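**Student:** As you go down the protein sequences, you meet chains A and B in turn.
According to the numbering used here, the first sequence is numbered sequentially starting from -19.
According to the numbering used here, the second sequence is numbered sequentially starting from -19.
Please keep in mind that the hints were generated in silico from the structure rather than gathered at the bench.
Model, not experiment: these values are computed from the prediction.
A few of these clues could be false.
Copies of the same chain are indistinguishable here, so a pair counts whether it falls within one copy or spans any two.
[Stated by the list, open to error] Below are the BS3-like pairs computed for lysine-lysine, each with C-alpha atoms no more than 25 Å apart in a straight line:
#1 K77 / K287
#2 K59 / K290
#3 K115 / K234
#4 K170 / K59
#5 K59 / K219
#6 K170 / K99
#7 K288 / K59
#8 K99 / K234
#9 K56 / K170
#10 K115 / K219
#11 K170 / K133
#12 K219 / K203
2 protein chains.
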Amino acid sequence: MAMVIGIDMMGGDFAPLETVKGVELYLSGHNIPARLLLVGDEAQLTPLLKKHKIPMNHVDVVHAPQTIGMFEHPTKALKEKPDSSISTGFKLLASNKIDAFISAGNTGAMLVGTLFSIKAMEGVIRPAISTIIPKMNGGTSLLLDVGLNADCKPEQLNQFAIMGSVYARLVLGIRKPRVGLMNVGEEEGKGNILMQGTYPLLKENKHIHFVGNVEGRDVLMDKADVMVCDGFTGNIILKMAESLFEIYQQSSVKDPYFERFNFENYGGTPVLGVPKPVIIGHGISEAKAFMNMLHLAQMMIEKSVIKKMKEELQ
Amino acid sequence: MAMVIGIDMMGGDFAPLETVKGVELYLSGHNIPARLLLVGDEAQLTPLLKKHKIPMNHVDVVHAPQTIGMFEHPTKALKEKPDSSISTGFKLLASNKIDAFISAGNTGAMLVGTLFSIKAMEGVIRPAISTIIPKMNGGTSLLLDVGLNADCKPEQLNQFAIMGSVYARLVLGIRKPRVGLMNVGEEEGKGNILMQGTYPLLKENKHIHFVGNVEGRDVLMDKADVMVCDGFTGNIILKMAESLFEIYQQSSVKDPYFERFNFENYGGTPVLGVPKPVIIGHGISEAKAFMNMLHLAQMMIEKSVIKKMKEELQ
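Same shape as in the complex, but just chain A (with noise of 0.2 Å):
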């Protein structure tokens, strides 16, 4: 049975002008098993399908009038707006229309009609989010929850460590991912109560490779693969990594390194921990990044991600 990906069509600030050309951009490579369901407003759509001529054998539309706004409050703009191509990408997801969701648009929707519309995996206490961190060597690293848990228990933190692993080895090819915890200071027993409740529950942990704490001088250092905290800390460090980059662009130099921290790059983050692909995207995501979330999804199906999760995480 061929895959079937659902890909909000409105959502970015730059939609669907640059969702149409990112699934152009998609429909031009050569491996497309997937079959495209591209949920959206009709009238807006059918002209720049044609116009870009996408492949029509390859995708349908689902029509969806309503649009939420990158800045309506997430939950009254699901009540509100049943639908919008949100609500309706949701909606596909929990009735099996689609095996994956992508949108650019409002985040906080799409985390909202993530937990209410397919909810957690089993077993999963909360479902997470991640960011890539670009290392100084040249590498990256993963790092979670960077906002989906503001305030942790040790189970969870336990349970992101083997996610951001299985993640790590099947989506960026890191065959034994190094884990470790975010802390303050190097030695067990180091950090507040969360990290000292959740070192020994990493140690003990058969399913990952745990090579202890890491602390903020090792955030941009290859010290780990996978960087585990609560949603609090993780963002916060995102949003100073972020930061780097435009700070970066407004001097005067030049340097591949800070360049990496462009996160239009990456295309988007899969939200980790439940039982299919749901994928956000960044608000100013162009046609690249459009393809690059087409593609993550396609390999989260191809390399059965949420499956090898479901098995480690027991």
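Starting from the known structure of chain A, fit chain B onto it as the hints suggest.
**Tutor:** Chain B only, in chain A's frame:
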């Protein structure tokens, strides 16, 4: 009555040569109201003081034959080495022989020594340590706590806000310091339980100029002059900022902004919330850093920083 500043001559990677040179620099200035008590091993100090022509009418040497190493266990070392320069310094401070104490030695021993000898100021739940963060626009902001309190209560953060404001006003010369709460999201109600509990306290606090939440992306920007958080979050931010200088040094580019992340420039950081100035320097401190620490101690005494904090905390 003249002020007396005590300095650990044996503390830091380049002691006692660089501490002696720092004293020399300080005493060569125009405004030297302070008498210095030089705490350390007389046998090592006497020839150096002679060689650097330290004017002995301005200084006294207090013999301390033992030295606490940079990697010794703080509590154990303080107990086992009562005649170390750090132990001796705190005895002098507790018995009012000196008005301030400076060391670039074992940070942990300095913190433990502070808490056990002079203790927290009356009414202060727990002292804090702060760091200077260089801002993109050329200014500086103060971040606290950066490590003394991994877990905090809202009432502590409220006190950090007051202590930070007084310090920013009197020492950094910022007329009306804007206080920001380190958080995720801009609006009230965002964040983890700690920050949700802290926001209303800061909002009601008449002693500070609260400007709301600041996020990870604002740390290096000009949004607040005093940024308040728990010591876990602050330590991760500090160490990540410190690593920027390391990355910068390894890169081929020259940029005056990243140059300012050289934390050696800032001398030392005071422990805030204790009844007398205690200033802790980086282990890598050289002469200029020691001179800056002596000036900082002098300034804190001259401007009655601690008295002002006490008033504002009531």
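**Student:** So, for every hint listed, does it hold in this structure?
**Tutor:** Here is how each hint holds up against the structure:
With identical chains, the CA atoms of K77 and K287 are at most 25 Å apart within one copy only, with a shortest distance of 19 Å there and 69 Å across copies. In this homomeric assembly, K59 and K290 never come within 25 Å of each other (Cα to Cα): the closest approach is 31 Å inside a single copy and 52 Å across copies. In this assembly of identical chains, the alpha carbons of K115 and K234 lie at most 25 Å apart whether taken from the same copy (17 Å) or from different copies (20 Å). When the C-alpha separation of K170 and K59 is checked against a cutoff of 25 Å, the pair qualifies only between copies, where the shortest distance is 21 Å, while the shortest distance within a copy is 44 Å.
For the identical chains of this complex, K59 and K219 are neighbours neither inside a copy (29 Å) nor across copies (43 Å), given an alpha-carbon limit of 25 Å. Only between protomers do K170 and K99 lie at most 25 Å apart by alpha-carbon distance; the minimum there is 23 Å, versus 34 Å within a single protomer. Proximity of K288 to K59 under the C-alpha cut-off of 25 Å is found in neither arrangement, the shortest distances being 33 Å within a copy and 53 Å between copies. Taking CA atoms no more than 25 Å apart as the test, K99 paired with K234 passes in neither setting, with 44 Å inside one copy and 49 Å between copies.
Proximity of K56 and K170 under a CA criterion of 25 Å is satisfied inter-copy only: 17 Å between copies versus 42 Å inside one chain copy. Taking the shortest alpha-carbon separations for K115 and K219, both the intra-copy value of 16 Å and the inter-copy value of 16 Å come in at or below 25 Å. Within a single copy, K170 and K133 get their C-alpha atoms as close as 16 Å, and across copies as close as 19 Å, so both meet the 25 Å cut-off. With identical chains, the CA atoms of K219 and K203 are at most 25 Å apart both within one copy (20 Å) and between copies (14 Å).
The structure fails hints 2, 5, 7 and 8 (numbered hints given earlier, in ascending order).
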